[in-house]
Structures are given as structure tokens and as C-alpha cells.
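Q: Both chains are sitting in their own frames, so use the hints and assemble them into the complex.
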Amino acid sequence: MGDADVISLDDHRDDHDHDHDQVPPGFSGKLSDLIGAAQRFVTGLAELPMEQLRTVADDPLRELLGLLTRAGVDWSGTTDDVADYIRHRMSGDYAVDEFGFDPEFTTTIVLPALRQVARTWFRVEVQGAENIPTDGAALLVANHAGTLPIDALILQSVIFEEVERHARNLGADLVFETPYVGDFARKIGVTLACQEDAERLLGSGELVTVFPEGFKGLGKLYSERYKLQRFGRGGFVSAAVRAGVPIVPISIVGSEEIYPQIGQLPTLARILGVPYFPVTPLFPLLGVIGMIPLPSKWIIRFGEQIATDELPQGAAEDPMVVFNVTDQVRDTIQHSLYELLNQRRGIFS
Amino acid sequence: MRVRVILITGVARPLGARFARSLAADDELEVIGVDVLPPKYDIGRARYVRADIRSAAIGRLISGSDVETVVHLGMISSPPGAGGRSMMKEINVIGTMQLLAACQTSQSVRRLIARSSAAVYGASPRDPARFTEDMAARSEPRSGFGKDAREMESYVDGLARRRPDLVVTVLRFADLIGAHADSALARYLSLPVVPTPMGYDARLQFLHPVDAVTALDLVTHTDLPGTFNVAAPDVITLRQALAVLGRAAVPVPTPMAPTVAFFGRQSGWADMTGDRIDAVTYGRSMDISRFAAATGFRPAYSSRSALEDFAASLRPGRLRVPRVGELLQRAVETARQQQAGRSSGGTDG
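As they're listed, the protein sequences go chains A and B.
Heads up, the first sequence is in this note's numbering, so the first residue is 4 and it goes up one at a time.
Heads up, the second sequence is in this note's numbering, so the first residue is 39 and it goes up one at a time.
Bound conformation, chain B alone (with noise of 0.2 Å):
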């Protein structure tokens, strides 16, 4: 039997990483990881090209390879450290289009899987409690992450229209958190003292990377056209994460947010975009029921427990639950004796 070659893109950041190393374990799959950068995370058996999927090149290794599925994992979601927005613009929808162009001629791919976000949701006062994937956003994402991600959608759909005997599968994952997740969502709740947006409390929506890598597996074994929602199916809301992270809050009003969001970029704390914001400031969450009932996926990790993988993973905060917990047993103890005191007063008197 011809092994399966497998490509993913991407492959320098953690969850290419971890899903090549995943897919690599298996004897029967040859893959290819593809990154501008090598890869930071071990990347198993799986085989690194260093090649930029915005030039030709791609286009020749996924022929030259007999490349069969096509992972596209190489989105970035925060401006890389050089070049800015425009760059992560040109590497997201450049890359994407030459990518796509490199598998619409290719002969032997007959599968691509592309990771899209819950960003192209927007976020809004509109909003319908659960994103189904027939929901079209109520506020479209006008800059960031979230128009890159609708923009590489749009494409996508455009190959499956064109090459109709392909099978695209996009998965709309929640934002990633887990053990040492770095994301521009995870910076900006590890700082030492949060910005949130005064009198809001958002539902926040997160996916494991473990919960990511099983999603992505699936798909990569069955073919499965369509689009996805992944994530946890619970919601916790900003003033939960912050109190499971103990970290203090500090409330902004939402006019100056972009202000503070706009520090807190140049200073390099947390790239705060406006999609962003308004994703803290009215929360978003998608509804899974269509790729359970697809595939039978159920996340190991709730919202919740992704969240405290991760703070497990960071140096406590200051208001950290152990800490919380110990004063209030103290005041209570007090309390109690002063009780107990008062009424044996009492009987005495």
C-alpha cells in the first residue's frame, strides 16, 4: 500500500508542532511540515522543508511530494515580531492564495484542511448566544485576525467551488489555551494586572490544544466537507478567568479601550486588536453540535479546565485562589468565636 503524504503548514509555531508530531507517530503517513522558520517544538518523525508558502516553491514540493492532504495551519493571528500588520496580512492571505492556487493544479491532492478561527464571528450586542456555522456575523470584523480569517474562508470556499472533487474541511477552532499557550489572548490574561472593559463581563469560549489536535485528526482520516465550529462546549466569563488566573482587574471604560489596547501594543504587553476587544468587551460563543454529530468528538477539556491548565502553567497572581480562600477561613473562624463568646456572655449575664 503507497503511504499517505501528508502536509502541514505552519509547523514552527506549537500546534503545527504538535499535530505533526502526532501524525508522524504513525507508520502508514509521510508528513512534510512546512514553515519560513524551523521549527521551535519537536516535531517527532515528521520531515521539516523549509519553504515559504507565499512563493512558487509550494507549489512545486506538494507536486514534486504527491502530496494527498493539505493541512493549512500556517495562519498567524498577532504581527509577527518584524514587518507588522502588513506582514501578518501578506502571510495570511498571500500565503493562503498561493497555497490554495498550488493544490487547485495540483493532481494528487484530494484533501485540504484548513484552520479557521471563531474570530470571523465578530463579536457584538447582536449576538445570538451560540454561533451556529449558518450564522452569518452581525458586526463583521473590520481589522485583525478576524478579517484575515474571513478573507482565507472566502478563498477556501472558492477552491471547493472550482475543484468540486476536492474534500475542504475548515474547523473554526475557539481561541487556543492550555499549558504555556502564547496567544495574544493569553498574553493579555497573564498580564500582572488585567485591563477589562468597565461594566462588561464577556463569555469566553476556549479549545485545548490536545481537544485541537484530536479535531484535526478526525478530519484528517475521514473525509468530512464542510465547515466546523470546535470548542469547549461551556463558557466562563472574564471575570471568572481573570479570578481562576488571580489576576486583579483593572475596569476601563470602553471608549478609551482602544487607547489602552493601543499602549499596551506598542508596549508590547498584549496585542489587543479591535476585534479583540470587542470579543472581551460582548463575548462570543460557538455552538459544536454539527462536528459531534459528525464525527462523535467530545473535548477532554471544558473551558474551564483548559483555562486552569494553563494557569497552572503561569506564575500565580497576586489574588490567587489559595491566598483568597485562607483569609476567608480566618474571618470566618473569628467570626464564630466572637459568636460563641457573645452567647456564653449572654447565659453568664
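Just chain A, same shape as in the assembly (with noise of 0.2 Å):
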């Protein structure tokens, strides 16, 4: 037994030995391969051209526009729109409101894609564009929906497309904690969904935009889709009327199935400190693929402007009237949203 055991060690080494000897031929033909190439680049890099690296690292931004022009881009005219933009936001030449607004970066860099993701990814439908004031303040009321405000986007960007006018969205306090998304919606004129700023932007003659759900209607399941949720205290309506504004209701469709919501990791969540945690038939699975968001089409109705001007005095203060102007919106915009499916062949036709 023991000398079987011996022998069969030996066999083992002396496999051993022959792999070492003879390296498989594809290995060692790919090995001289790379070292034929590092040997290339060694001898490409003294090749270089110095003085033209020396040139592009002194002016980098102008061997960029060159390597463009060369490329093909067509600078005749938007040259200067180009460097006159890049020459403000590089010298903090631009204005932000009290907000934090920017007018420039939302209209040169903001909009202009949005409107084409409305367009050609979302092929949003616009219905009853009449009813968006042109000018004077309103308060125009949405419902929430699509795991990511999306909709506030998209509706943003209708808003610009039909009257040129900046609707500005009231965002949650999560909104402006959560670095880079915080900033990015101040620069779009999003600001914090409280009465004091809802009345200042009232009382300058600004579109407001409001979604009364909130993370309850972002954050619902798939299953509960196009249902509204409960819309708070009425708060949005009591700023309203306080400042005498007409309310719009706006019923979206189709943001409901960018994100279908199967189910939720609240563990996940509460450790991340977000309201939810989603989970999609693509997220988290497919990871940043899984992000994008479905291609469902999309129908946006803004419905008959609510006076308010007519309530009488201290009507702000009476619970009962905020309460039934509140569901005299909630009850307008769910039922435009029954017809708005009935209207819509499919979810992504």
C-alpha cells in the first residue's frame, strides 16, 4: 500500500514537471504577441510627435473644439452661442433668482433634452393646452406618480413647450439633502414645498407646480396604479386661495409604467434613509440598465382652471372650504385619468 502511494505522489510530480516544460503553444504564441505590442508602444511613444502633445496640453479646451470641427461638428453661428455660454458659467457670469434658479442652464442645457425625451421616448400626448395660464400666477396641481419624478420633468418641459413659461415644482425636503440632486433642482427652479414659498412664488406671478401625494403616490406599488393617494392637508389649496390664483388640475398618464413597481425593501431603505426602496422587473436586477425608464406612451391633460378669487374673505383659514376645494381638484384629476386610459390603445402605444 505504501509504496502504491509513493509512486502515485511521483506520477503527480512528474505531471507537474511536464506542464512546466512544455508550455501549450496558443499560450505562448499570445504571450510573444503582447510583448511584440508593449514592444511597439515603447517605440511609438519615443515616435511621438512632442511638440503638438506639448500644444495640446498648453490649450486643451482649443484642441477639443479643433478635434470637433474636425469631426464634422458645423460651428457656423452657434461658435459663439458656445463659448459665450462657456465663458459665463466659467466666470459665474449668470444670474440665479432668490430660489436658486437659473434660467440659462435650465433653458440652454435642461429643456432642450427633456423635450426630446418627451418627444421620441415618451411621445407625449398634450391635451387641453388652452387651460395653461399665459400669464399671472396659478397653481397647477398633478398627480405623482413613477418611483422617480420623472413626471415633474417631463411635465416641466410640456409646460415651456406650450406657453414659454417656467412652471416652478415644489420638491420635498428629501429633495435638497440629497447632494447633487438637490442642487441640480434648485438650478431648475425647483424649491421647498412649504407655505412660505409657495406663496412667494405666488405672489411674484409664478407657475407653481405641486404634487399633493408626494412619496405616497411616487412610491406606490404597480398594483395601485392610477389610483391618487390621499393629498395632505390641503395646504397647496389654502395658498391658492390666499393669494386669489386659479388652480389647474393635470392629469398625467403613463408614468405610472416607467418604473412598474413589483414590490419594495424597506430594510434597504431605512438604511439608505430613502422613503423607498424599489423594486422593478429590471431594477435592482440589471442594475444601471435596469434605470431606464420604460418607454410607456405618456398623455398630459390639463384640465378647466378652479377660480378662487370668488371664495369669500378668510375662506384660507376654513378648513371646510380647503377641504372640498381639495376634493373638488383630487376628484377632477382621477376622473381624467380614468378617461385618459380609456383614450390610450396600450401602454406603450
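None of these hints come from the bench; they were simulated from the model.
Treat each hint with caution, since some may be false.
[What the hints assert, rightly or not] What follows is a list of derived Cβ distance ranges for each label pair:
1) A:V184 x B:R374: 53 to 61 Å
2) B:D80 x A:P278: 57 to 65 Å
3) A:P278 x B:Q375: 33 to 41 Å
4) B:P263 x A:R118: 52 to 60 Å
5) B:F300 x A:D312: 51 to 59 Å
6) A:V184 x B:S327: 42 to 50 Å
7) B:S327 x A:Y97: 37 to 45 Å
8) B:H218 x A:P315: 55 to 63 Å
9) B:D64 x A:P106: 41 to 49 Å
10) B:G264 x A:N327: 36 to 44 Å
11) A:G235 x B:A286: 41 to 49 Å
12) B:E178 x A:P315: 55 to 63 Å
[Claimed, not checked] If you only want the chain B side, here are some residues facing chain A, beta carbon under 7 Å, derived:
13) R168
14) D172
15) G237
16) A281
17) S323
Glycine included, C-beta positions come from ideal geometry on N, C-alpha and C.
A: Structural data, given as C-alpha cells:
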């Protein structure tokens, strides 16, 4: 038995030696290829036009513009615009308002991009655009859905397309706590959803968009789709009543299907400090790819304005009046959501 | 006619000296400047009295000189060289208490003006865009100058309750900035590379010392009881401010900000306490309509021009505007030349 063991061990050792002696031909081929490539790279480095490299390092922006020109970008007419824009941004020579809204950035960068998404990805159909006020303050109230507030962005873009006005979204405090998100939100005109800011914006004649469902609407499961959640305490209504501005109910169909939430991970949400952690058929399964919104077909309907300036004095402090108007707005949105769902042939068409 | 006697605390520092100088130019006023250190700046015809507001001597000075108006500018916003934070707290809190006690018992004093700060509002993501005087801080400053200013205001309120015959005015100043400004924020902004909160772009609001003196002057000459915000009307973001100053920003993740600030404090570069970190993270701005309505005050400097005044007195930063503009100009010209070359080449071919 002992002999047999020794022999078998020797056999193994022989095998190893064999491996070391004769490298498989395929592998040695690759290795020599690699070495050759490295040699070519090193000699290539020496042959690089150092003069040219130095000019690139000297003025990278100019080289970049030059490369883009060679790649066929047509600068005529836009050169000055682009340069002006970059110069403004780099020298801080642009204006933000008291809320941190940056109109230059919004109209030059964000809205054109959103317009493309709204047109080609979601194929947004707009109904009742004549109900968007072309001047003066108004409170726009919309349903909120879709896990991420894409609907707020698309709505802002659509309103700008229709009446060339920047609708100012009101956002939750979580938005402003989150790095980058809060910064971006302020730049495109979002401010905190609080009575003071709403009244300040309405007082200066702005269009103000609120999503009274908040995270309750945004984070609801797919099985709950198009069922309006609770509308809070009606704080938005008393702001509108106090300012005497009309309320425009807005129904958005399509936002529910962009990230169909089939479940949630509450523990992970607690750890990350977010209101919910969504599970969709593609996320977190496919990671970043799962974060691409599904191309659902959207319909946005602007309902008829609800006037508040004819309400009696002190109506803003009267809970009965406020609840009645809140219910009226909520019912209008819910009804037209059902109507629009009937109009739509399919989720994606 | 009897001359009015005005006592100003904190004349060793720039604002106190500037205000004393401007008041003393008026023949009908007798101006007494008080501080523990002799004034470094010209206080004009004002009389300097070396006194510590933390001692009972201030009471004797007030009653002995028949002081009619007390202007309290003696709060300090960063720890003095020696003594650190506990010394700062003692000067701010004990000093104010002692001064107010002297005012309360005095027969001659009939007006008190106290300089407070926007720091009393704190800074948080739950803040409204603009603070009016009636709004409370959403997250109360728990450390540093903000806390001291709150305590000072509560003592001043107490005095106003006990002596209703006194005219008590509190002015909440935005951060002072102008040529040669020397404050914690000014030192922070003028670092060669400025650590900034990653993913945030705070709204900053400033007040030029010239405007601060104008505001103090207004309330010294009229009876205007109450609390007022005093600031430039506009806001400028931290990123814009750094562009104006030509400073490079180094983004620091916010959880690491206190550590970075700690090293900054230890090395004496910039005294960024917790409440100041919040202010450059979430930003803060004040509504100034109440003071404007009461006095017709219109600041001569905007936040941006006050900052530009400061920038002009600094050594220009590496990323200063002319340099950036020059690079861009060269880039645009090259792009145009290449464009011209390409199109003329095209017609030839």
C-alpha cells in the first residue's frame, strides 16, 4: 500500500514537471504577441510628435474644439453661443434668483434634453393646453407616480413648450438633503414645498406646480396604479386661495409604467435613509440598465381652471372650504385619469 | 441744544470703527467708542474709551457720560487669537448681559441698537427660500456664533420687555463682505483652493460694510423698534462666488466636512464651525422687505458687487476670469479658422 502511494505521488510530480517544460503553444503565442505589442508601444511613444503633445497640453480646450471641427461639427452660428455659454459658466457671470433658479442653464441645457425625451421616448400627447395660463400666477396640481419624479421634469418641459413659461415645481425636503439632486433641483427652479415658498412664488406671478401625493404617490406599487393617494392637508389649496390664483388640475397618464414597482425593500430603504427602495422587473436585477425608464405612452391633460378669487374673505383659513376645493381638484384629476386610460390603446402605444 | 451722546461697542474692529467715524463727523453728536483693544482703524473724531463690556465699569461709563443711544457691535464671530471658543462665548454672552444690565438701570439711555446676524436662522434643507423676521430657524444653530447671536437676541428681548420705554432695534446682518473684509467666511472664500461641500451649491447673501453703516445710521437717527433683516437683495451661489474670486473648488463629501474644517481651524486657515458649514452647504437668504418698507433703505451694493469689491482687494486666484476668457477666445478663433479652412477646401475639391 505504502509503495503504491509513493508511486502515485511521483506520477503527479512528473505531471507538474511536464506542464512546466512544455507550455501550450496557444499561450506562448499570445505571450509573444503581447511582448511585441508592448515593444511597438514603447517605440511608438518615442516617435510621438512631442511638439504637438505640448500644444495640446498648453491649450486643451482649443484642441478639443479643433477635434470636434475635424469630426464634422458645424460651428457656424453656434461658435459664439457655445463660447458665450462656457464663458458665462466659468466666470460665474449668470444670474440665479432667490430660490437658486438658473434660467440660463435650464433653457440651454435641461429643457432641450427633456424635450427630446418627451417627444421621442414617451411620445407625450398634450390635451387642454389652452388651460395653461399664459400670464399671471396659477397653481398647477398634478398626480405623481413612477418611482422617480420624471413626471415633474416632463411636465415642466411640456409647459415650457406650450406657453414658454417656467413652471416652478415644489419638492420635498429630502430632495434638498440629497447631494447633486438638491443642487440640480434648485438650478431648474424647484424649491421646498412649504407654505412660505409657495406664497412667495405665487405672489410674484409664477406658475407653481405641486404634487400633493408626494412620496405616497411616487412610491406606490404597480398594483395601485392611477389610484390617487391622499392629498395631504390641503396646504396647497389654502396657498392658492390666499393668493387668489386659479388652480389647474393636471392628469398625467403614462408615468406609472416607467418603473413598474412590484415590490419594495424597506430595510434597505431604512439603511439608505430614503422613503422606499423600489423593486421593478429590471431593477435592481439589471443595475444601471434597469434604471432606464420603460418607453410608455404618455398623455398629459390640463383640466379647466378652478377659480379661487370668488371665495369669501378668510376662506383660506376655513378648513371646510379648503377641504371642499381639495376634493374638487382630486376628483377632477381622478376622473380624467380614468378617461385618459380608456383613450390610450395600450401601455406602449 | 444738548448734544446726543452715542456709545458704540466693538470699535476695535472694522465695522465699529467705520460706524464711529461716520457718526462722529456730525457735530451734534458725541461719540464714545468702547473696546478692550485700542482701535486699529481710524475712528475719526470719536472718543476711544478702553473698557471691557464684561465688567461693571461699562455701567459707570454709561451713567457718567449721559449716554442716550447704545449701539452694540461688540459681538465677535470667531474666537480671538487667545482664549478660543470659551473666551468668544464669554465676550458675546456675558458682555451683552453686562451691557444690557447697564442700559436697564441707566436713566439717560433711551435707545438700544444691537447688531445680530443671519446666523440666527441656521441653515438646513428644510428652510424656506427667504427668511422673514417672524420665521423661526428650522434647525436651530447649536454651536458657534449662531448660537451666541440667538442668546444675545433673547437677552435684548428681555430688556425690551422690562423697559418698554426704550426703543430697541435689532438688525440681523447678512455676512459682511467688501474690500479687505476679514471674517471667517471671507478667509474661507479667499483660500487658494476652497474645500466645498460635494454636490451642493449654497445660495449666499452678503452685505457690504458701507450699506451696514448706512443701515445703522438710519436706525440711530429714527425711532424704529423691532427686529429687521439687513442684506443685499440678490443671492449668489458658492460656485459663482468662487468663479468671481478665481478660486479652485475641491469638493469634499459632506460627512467628511467637519474633519476638514477641524484641520482648517487647527491650522488657522479658516474658522468654519458647524453652523458655517451648514450655511455653505444648504445656503440661506433673508427677506429684506420689512426694513426697506420701514426706512426706504436700498443697499448700494448687491451681493455680487460686494463680492467683486472683495475680489478686487485680493490677490487674483489661478482661475481668474481674464485668464479663462483669454483661453476661450483663442479656442473660438481657432475653431473659426479651421471652419473657414474646411469650407474653402471643400469648394476647391
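Q: Next step is simple, just say for each hint if it's right about the structure.
A: Results for each hint:
no.	hint	in the structure
1	A:V184 x B:R374: 53 to 61 Å	39 Å, violated
2	B:D80 x A:P278: 57 to 65 Å	58 Å, holds
3	A:P278 x B:Q375: 33 to 41 Å	55 Å, violated
4	B:P263 x A:R118: 52 to 60 Å	54 Å, holds
5	B:F300 x A:D312: 51 to 59 Å	55 Å, holds
6	A:V184 x B:S327: 42 to 50 Å	31 Å, violated
7	B:S327 x A:Y97: 37 to 45 Å	25 Å, violated
8	B:H218 x A:P315: 55 to 63 Å	58 Å, holds
9	B:D64 x A:P106: 41 to 49 Å	45 Å, holds
10	B:G264 x A:N327: 36 to 44 Å	39 Å, holds
11	A:G235 x B:A286: 41 to 49 Å	44 Å, holds
12	B:E178 x A:P315: 55 to 63 Å	39 Å, violated
13	R168	6 Å, holds
14	D172	10 Å, violated
15	G237	3 Å, holds
16	A281	3 Å, holds
17	S323	6 Å, holds
The structure does not agree with the numbered hints 1, 3, 6, 7, 12, 14 stated previously, though it agrees with the rest.
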